[in-house]
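Q: These are the residues of each chain, in order.
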Amino acid sequence: MSTETKAQAASENGGERRLNMIEAINDALDIMLEKDPDVIVMGEDVGYFGGVFRCTAGLQKKHGKTRVFDTPISECGIIGVAVGMGAYGLRPVPEIQFADYIYPGLDQLVSEAARLRYRSATEYIAPMTVRSPFGGGIFGGQTHSQSPEALFTHVSGLKTVIPSTPYDAKGLLIASIEDNDPVIFFEPKRIYNGPFSGYYDKPAEPWKRHAQSVVPEGYYRIPLGEARTVAEGEALTVLAYGTMVHVAESVCREKGVDAEILDLRTLVPLDIEAIERSVEKTGRCLIVHEATRTSGFGAELSALVTERCFYHLEAPVERVTGFDTPYPHSLEWAYFPGPIRIGEAIDKLLSE
Amino acid sequence: MADRPDADSEAGANKPALRLHVPEPKFRPGDTVDFSHVPISEAGKQPRPDEACDARETEGLCYDLIRVLGDDDKAHGPWDPKLDPETLRAMLGHFALVRAFDERMFRGQRQGKTSFYMKCTGEEATSVAAAMALASDDMVFPSYRQQGVLIARGYDLVEMINQIYSNKGDKLKGRQLPIMYSSREHSFFSISGNLATQTPQAVGWAMASAIKGDTRIAATWVGEGSTAEGDFHSACTFATVYNAPVILNVINNQWAISSFSGFAGAERTTFAARALGYGLAGLRVDGNDALAVYAAQRWAANRARANAGPTLIEYFTYRAEGHSTSDDPAGYRSAQERDEWPLGDPVTRLKDHLIALGEWDEDRQAEMDRKAAERVKAATKEAEKNGILGHGMHQPFRTMFEDVFEELPWHLKEQAEQATRERLIKFNGGRPQ
Ligand SMILES: Cc1ncc(C[n+]2csc(CCOP(=O)(O)OP(=O)(O)O)c2C)c(N)n1
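Protein chains in written order, with numbering that gives the first Met the number 0: chain Y, 0 to 351; chain V, 0 to 432.
Each statement offered as a hint is correct.
The list that follows gives simulated cross-link-like pairs (lysine to any residue, SDA-like), each with its CA atoms no further than 20 Å apart:
{"no.": "1", "chain 1": "V", "residue 1": "LYS170", "chain 2": "Y", "residue 2": "THR324"}
{"no.": "2", "chain 1": "V", "residue 1": "LYS425", "chain 2": "Y", "residue 2": "SER196"}
{"no.": "3", "chain 1": "Y", "residue 1": "LYS64", "chain 2": "V", "residue 2": "GLU23"}
{"no.": "4", "chain 1": "V", "residue 1": "LYS170", "chain 2": "Y", "residue 2": "PRO325"}
{"no.": "5", "chain 1": "V", "residue 1": "LYS412", "chain 2": "Y", "residue 2": "THR324"}
{"no.": "6", "chain 1": "V", "residue 1": "LYS425", "chain 2": "Y", "residue 2": "TYR198"}
{"no.": "7", "chain 1": "Y", "residue 1": "LYS201", "chain 2": "V", "residue 2": "GLY391"}
{"no.": "8", "chain 1": "Y", "residue 1": "LYS201", "chain 2": "V", "residue 2": "PHE426"}
{"no.": "9", "chain 1": "Y", "residue 1": "LYS347", "chain 2": "V", "residue 2": "ARG420"}
{"no.": "10", "chain 1": "V", "residue 1": "LYS425", "chain 2": "Y", "residue 2": "TRP332"}
{"no.": "11", "chain 1": "V", "residue 1": "LYS412", "chain 2": "Y", "residue 2": "THR293"}
{"no.": "12", "chain 1": "V", "residue 1": "LYS167", "chain 2": "Y", "residue 2": "PRO325"}
{"no.": "13", "chain 1": "V", "residue 1": "LYS412", "chain 2": "Y", "residue 2": "ALA344"}
{"no.": "14", "chain 1": "Y", "residue 1": "LYS60", "chain 2": "V", "residue 2": "ARG27"}
{"no.": "15", "chain 1": "V", "residue 1": "LYS425", "chain 2": "Y", "residue 2": "ALA333"}
{"no.": "16", "chain 1": "V", "residue 1": "LYS425", "chain 2": "Y", "residue 2": "PRO202"}
Since the hints were made in silico from the structure, they are not lab data. This structure is a prediction, so every number in the text was calculated from the model and none was measured.
Work out the full structure: start from the sequences and follow the hints.
A: Set out below in structure tokens:
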């Protein structure tokens with residue numbers, strides 16, 4: 000972690016290191032830049048300035064301009080050069096400033112990075128980790144709010160990772176960077192600075208009070224493909240990731256529902272065993288994501304649960320999602336799958 | 000790191016080690032700024048080729064800087080558009096209004112009336128003067144910093160503010176981020192947040208106009224940083240292939256958020272010179288010289304109208320303020336840059352020109368500024384009757400589902416019912432719609 004953020008983190012917490020998600024991501028990048036001379040961090044505004052969300056603050060100063068640098072405003076170029084750097088043997092970690100701006104880079108991701116290992120029969124690989132803030136809840140309108148994860152989970156050859164806490168963000172990012180396959184690493188920007196209960200009209204909480212904001216110094220990794228059990232319970236299973244883990248947790252707590260909440264953390268590869276184990280135990284499954292509903296990742300989860308746990312199910316699988324519209328600006332909170340939508344789905348699941 | 004395919008090869012022996020070049024701006028926070036390295040051509044010295052000339056004849060103008068207003072505040076040379084004082088005063092009036100509008104909207108965002116705002120301070124000429132050089136029904140594909148085009152075209156300020164406040168009066172139904180206007184009535188295309196997407200769209204509109212034998216042309220605006228996007232290069236290629244009646248305006252304001260123009264290639268060539276490789280006519284213009292902007296835009300418009308081809312114009316200017324309300328430039332550039340910018344301020348330069356002509360004075364300017372501020376204030380009050388962001392006076396909830404498609408399919412109908420039910424629960428059965 001850059002000295003600036005480190006000093007700040009230490010002074011605030013009298014020894015025990017508590018970080019927000021931005022600091023945890025910065026820490027992971029710092030450690031990997033230090034540990035592996037092949038790691039390169041690049042993207043729009045990431046160099047001198049340290050990123051519009053400050054995730055790369057201090058890294059250029061510490062690791063030098065040829066390890067951490069700004070790029071032209073061309074997402075196609077950013078991902079394309081990352082493929083080329085990977086072909087050389089580097090391990091690029093490009094940032095796309097907002098997930099909403101990843102589309103110009105889609106061809107390089109889908110047709111190139113995702114298939115390189117396969118089409119060259121392992122002669123070449125694309126060991127890149129594309130970091131990008133995603134999701135809404137910040138009044139960002141339709142071009143700073145989208146959750147396009149399902150576009151990527153649909154592509155064979157891409158891994159998709161979404162952390163929901165500072166501790167996980169660090170460990171998952173390190174594992175993603177070390178992974179030899181291309182990884183899409185979506186950072187839920189609504190919870191960069193603190194978890195989110197789903198009640199937009201209540202004061203924002205800082206990470207400091209959350210157990211998962213304790214982030215150890217130094218290197219550690221959280222393997223890709225392992226879900227985290229946020230809460231154990233018997234009444235129903237909730238499958239969520241990113242911001243919605245916190246929203247679902249607060250709704251279950253408030254309703255006094257004995258829910259087992261799984262934070263999937265990695266969508267591809269998916270921790271299917273954890274899902275099966277939990278749904279077989281509870282017999283009820285609620286899937287929550289912020290992305291639009293139709294062909295969303297929830298559809299995949301619902302199909303898997305139905306196919307594999309059918310005889311254990313006591314009610315049809317429920318999905319709570321964003322609506323199938325572009326993300327609206329003024330009606331953001333009517334769009335967002337908040338406590339009411341989740342609460343209704345829980346009531347329905349438990350009544351059957 | 001990768002080994003060479005043949006590990007034993009001597010291929011690298013005796014060859015120099017390669018080095019990566021990463022551009023760096025001249026000045027960072029705290030630095031003393033000296034722009035004497037920026038070549039500034041003398042006003043009036045640039046040749047003005049025939050509007051229907053071969054694109055190659057503009058080569059010199061791609062590296063020069065077309066300027067009309069001299070240090071003596073007089074207009075010089077063949078590019079002088081010879082506008083009458085009435086038109087110049089109208090232009091100054093638009094400038095005053097844009098500036099007053101930017102000031103008030105920026106403050107409104109700081110006061111929590113909306114989520115976001117972007118000023119165009121220092122770049123007013125590149126939109127106002129350019130818009131005045133076009134016909135009012137020429138189609139415009141703007142980026143997000145061309146409020147000057149809308150104001151020059153007489154767009155209602157209250158409508159603009161309704162959009163910024165995302166309130167129930169917003170004719171875009173509160174869907175878009177503030178300043179992402181759209182006004183078909185003013186031949187002003189819906190603004191996208193995705194950079195450079197508008198550039199090939201402008202070319203397509205111009206192609207359509209040509210296909211139909213229409214007389215209207217299209218113009219688009221894009222920041223220099225955004226010219227790195229593939230869309231811009233597609234626009235250039237299509238424009239040249241079909242000789243489309245279009246003007247590609249590149250606003251080179253030196254900064255793209257925190258990245259200086261070097262990250263779009265400015266260390267090695269000009270943005271106007273991009274035109275040459277594509278076979279487009281290219282002009283490089285002092286973007287803070289309202290007369291030069293007007294003249295260049297009119298030259299390109301006449302060229303397009305005469306079926307003589309598209310033009311790429313680089314306006315050399317400076318982003319005097321932060322990128323947006325989310326940005327603080329103190330973190331990446333020297334605060335002195337603004338004051339030292341050698342091309343000055345477009346509003347002051349036009350004002351001084353009118354004064355030099357004996358057609359204006361400081362008192363009248365002060366009166367104009369005061370009136371502009373009053374007009375914006377009155378429009379703001381009017382718009383606030385329709386609500387501000389996040390205070391409940393938004394469009395009805397069901398409008399969220401309208402216009403996704405021409406007709407509402409079953410799944411959106413169901414979702415609209417869900418949304419309505421949720422609002423009733425939230426507000427205990429109250430709060431209609
Ligand atoms: C496709 C895309 N990538 C990134 C962004 C984020 N972004 C918004 S504005 C901006 C800088 C644009 O700079 P420039 O084109 O020079 O225009 P200026 O803001 O200076 O007017 C960036 C990177 C975006 N909006 N769209």
